[in-house]
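Which chain is which? The protein sequence lines are L and X, in order.
Here the first sequence is numbered in the numbering used here, starting from 1 and rising by one per residue.
Here the second sequence is numbered in the numbering used here, starting from 1001 and rising by one per residue.
Just so you know, the hints here were simulated from the structure itself, not pulled from any lab data.
A couple of the hints might just be wrong.
[Unchecked claim] Straight-line C-alpha distance at most 30 Å; calculated DSSO-like pairs for lysine-lysine:
hint	chain 1	residue 1	chain 2	residue 2
1	L	K266	X	K1402
2	L	K20	X	K1266
3	L	K217	X	K1266
4	X	K1020	L	K266
5	L	K20	L	K48
6	L	K312	X	K1402
7	X	K1266	L	K299
8	X	K1266	X	K1312
9	L	K266	X	K1329
10	X	K1217	X	K1266
11	L	K312	X	K1020
12	X	K1217	L	K266
13	L	K217	X	K1217
14	X	K1217	X	K1017
15	L	K290	L	K312
16	L	K66	L	K36
17	X	K1402	X	K1329
18	X	K1266	L	K292
19	L	K48	L	K36
20	L	K266	X	K1292
21	L	K402	L	K48
[Stated by the list, open to error] Derived, one-sided and incomplete: chain X residues facing chain L with beta-carbon distance under 7 Å:
hint	residue
22	T1226
23	R1246
24	T1259
25	N1271
[As the list claims (entries may be wrong)] Selected chain L positions facing chain X (Cβ under 7 Å, derived; list incomplete):
hint	residue
26	H108
27	P191
28	T226
29	M230
30	Y236
31	R246
32	T249
33	G253
34	I270
In this text, a Cβ means the ideal position worked out from N, Cα and C, and glycines have one as well.
Number of protein chains: 2
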Amino acid sequence: MKINTSRIHSRIEALAKVGKTSDGGSRRIALTDDDKAGRDLLISWMEKTGLDIKIDQLGNIFGTLKGKNSGSPVMMGSHIDTVGNGGHLDGCYGVISGLEVIATYVDHNEVPEHDLCVAIFTNEEGVRFQPDMLGSLVYAGGMSVGEAHEIVSTDGKTLLEELIRTKYLGHMECGSIITHAYIELHIEQGPVLENNNTFIGVVEGVQGISWHSITFKGQSNHAGTTPMNMRKDAAYAASKLVVAVREITEEIGVGQVGTVGVITPKPNLINVVPGEVQMTVDLRNIDEEKLKAAEFLLKEVIDYICIEEGVKVEIEQLVRFEPVVFDEKIVELIADTAEENGYFYTRLNSGAGHDAQMMARICPAAMIFVPSRDGISHNPREYTATELLDAGAEVLLKAIQKIDQGDINTNAS
Amino acid sequence: MKINTSRIHSRIEALAKVGKTSDGGSRRIALTDDDKAGRDLLISWMEKTGLDIKIDQLGNIFGTLKGKNSGSPVMMGSHIDTVGNGGHLDGCYGVISGLEVIATYVDHNEVPEHDLCVAIFTNEEGVRFQPDMLGSLVYAGGMSVGEAHEIVSTDGKTLLEELIRTKYLGHMECGSIITHAYIELHIEQGPVLENNNTFIGVVEGVQGISWHSITFKGQSNHAGTTPMNMRKDAAYAASKLVVAVREITEEIGVGQVGTVGVITPKPNLINVVPGEVQMTVDLRNIDEEKLKAAEFLLKEVIDYICIEEGVKVEIEQLVRFEPVVFDEKIVELIADTAEENGYFYTRLNSGAGHDAQMMARICPAAMIFVPSRDGISHNPREYTATELLDAGAEVLLKAIQKIDQGDINTNAS
């Protein structure tokens, strides 16, 4: 069996036309009219492939091909909603390739052992409704349907209202398809694979995330008249912390990342010592113990800076997710499959969140990555070369075939 | 002779009512209607004191009491324009006290040896017309009258238009009053005197100022997916520079101040490594050679940071003023006067700019400071206790008396 790669590309192109932005990006924010149009298009393709289509109470869409032993399916999938001005591949590539894997069975008149299913999860990006990965979160039992329905969008609509309005409020109970295994194919959205010059990323897990908002409060003073030893400079304190975050990542070692993305001094005037700086620290690690150690060091260094500069601090935890470790057997299977098909691969962890991490709560799950040029994503400049997209879809097909043929025994039924 | 301190306070209060803001601050931005109303009020007081009033081509106002040997006057003065929401003392205290010194002569029927003059300089704050200290700059020959007249305000009017509109375009040629000596009494606008617990600041000079805008350009990347060793983090580079600026001040030693007031990262999002940061560095020193050394170290460390983090940089010099050293004899005379009148004093340099630094180009000049509570200025919370204001005015009177009586021979005629 061989994937019809040209159909993948033409479908990526066709979907990109829905909600196309003036600079060629994609704008299909969850449960807007453009997202609905995208969903309708995907469903038309699923119908063409002869799939049985079910929609659940969160608007998650599942297209299933019956196998010889009907029951818990081998599932693929991702999302088709986008950020405000995103690329054509984030999410869509995984959904369209998943559908293509199933279509390949159909085209070759092959009946799989298990049911094969492709899923489209609602509101992965979290731009309009928070949190992100909402559809898969609820599907995996991480939040109740009722609670999710009451979430209010940035434009003041509830999720339930928008599900009804777009006609994507389904009857299927969330989580009712007991999944044998889940594999999500996705672009990396980072630079590691490109830099390693490998086609395939074997994703071992998703980093745990720790976000803090930190506000240093010092004393706003005249830049000319205030001697250095009398300053309580909030910008100095903040900058010491930025440098310390880098040192913490070095101390914890490879795999620990730390980022200060937001620095907002007040009053932000050239000749005034900043009296206050609000900043954010984003720490991520695949290892929960190491992530905890990084958080400990962060707090220790903040205390030290406060004493050194005579400033006060307010710390607020914004987000905390534990790392997700994907199913070892599926990870190995993907690595073997890549190798057997002649692709160099890199084992890596995902720095970004994905629906697969929610599915990993309820079934054996893993991910396949393909390179992102310059690591760029969430941007119209997002790009992956055709042969890399083809390679990813091929590895997905071969891995699904192996799982379907019972090459691994997953814990699920 | 003794100063009528209660008149000083009632006049400060009366002037504060002109352009009073909702939170009790003062708003008399140069050559606005409120500034004009303040000028009119000051002129009415000058007339009451019997002074001869002259206005020059820049709207600078000079009120003169004839002395026994008429000719080049001993001058006092400052400004009465304010920032957007300033205090009641910045500038006004010096003008009103200068007028009070002359009024004291008049009240006591004392005729001074020299003419005594009080000056009100136009647009000291530089909020509406740039540069700041414009009236005294032109008076001292640092800019031509024609060039100054063409300066366009932030609201699109030329200085000449606004001088005509407010009826403050005078006929007197700028610089035509040859001044024997100039003393400016001012609040410190910094914390040094309060912290030293002294009433009087003997100002030896004004710091040189070097302002740079520095823009680091790195690579904007995903905070989760970009390994630390592949980052070109503009915020890290900027923060290294903030810390280095502090180190530079320590290296150069006491008297060197350095401030990063502006830090503006792009895109300033929690989960994105900043690709660009624009920041400012404000360096000041009373010693030109040391200021040059600080600037040299600044550029050296920027180069080092660019190499270390793999970022590019754009550097723009925004402002560069050489330090001003006040007349040694007048400085000593002020110190002696403070001591003789029972006031502890502190010798210091001004970190802020003042009209006195322009007058120092054309006559022997110096300044007297009184403490600012918490070092706060350019703010409605600007405050100096009554007894401190009284002490400053008393020292001004006594110093002027000495100069008038020929205690020092200045270089001017």
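Tested hints:
no., hint, verdict
1, L:K266 to X:K1402, "46 Å, violated"
2, L:K20 to X:K1266, "25 Å, holds"
3, L:K217 to X:K1266, "23 Å, holds"
4, X:K1020 to L:K266, "25 Å, holds"
5, L:K20 to L:K48, "24 Å, holds"
6, L:K312 to X:K1402, "49 Å, violated"
7, X:K1266 to L:K299, "26 Å, holds"
8, X:K1266 to X:K1312, "15 Å, holds"
9, L:K266 to X:K1329, "42 Å, violated"
10, X:K1217 to X:K1266, "10 Å, holds"
11, L:K312 to X:K1020, "33 Å, violated"
12, X:K1217 to L:K266, "23 Å, holds"
13, L:K217 to X:K1217, "28 Å, holds"
14, X:K1217 to X:K1017, "48 Å, violated"
15, L:K290 to L:K312, "27 Å, holds"
16, L:K66 to L:K36, "26 Å, holds"
17, X:K1402 to X:K1329, "12 Å, holds"
18, X:K1266 to L:K292, "29 Å, holds"
19, L:K48 to L:K36, "18 Å, holds"
20, L:K266 to X:K1292, "29 Å, holds"
21, L:K402 to L:K48, "25 Å, holds"
22, T1226, "6 Å, holds"
23, R1246, "6 Å, holds"
24, T1259, "4 Å, holds"
25, N1271, "6 Å, holds"
26, H108, "36 Å, violated"
27, P191, "6 Å, holds"
28, T226, "6 Å, holds"
29, M230, "6 Å, holds"
30, Y236, "6 Å, holds"
31, R246, "6 Å, holds"
32, T249, "5 Å, holds"
33, G253, "10 Å, violated"
34, I270, "4 Å, holds"
In this structure, the hints that do not hold are numbers 1, 6, 9, 11, 14, 26, 33, in rising order.
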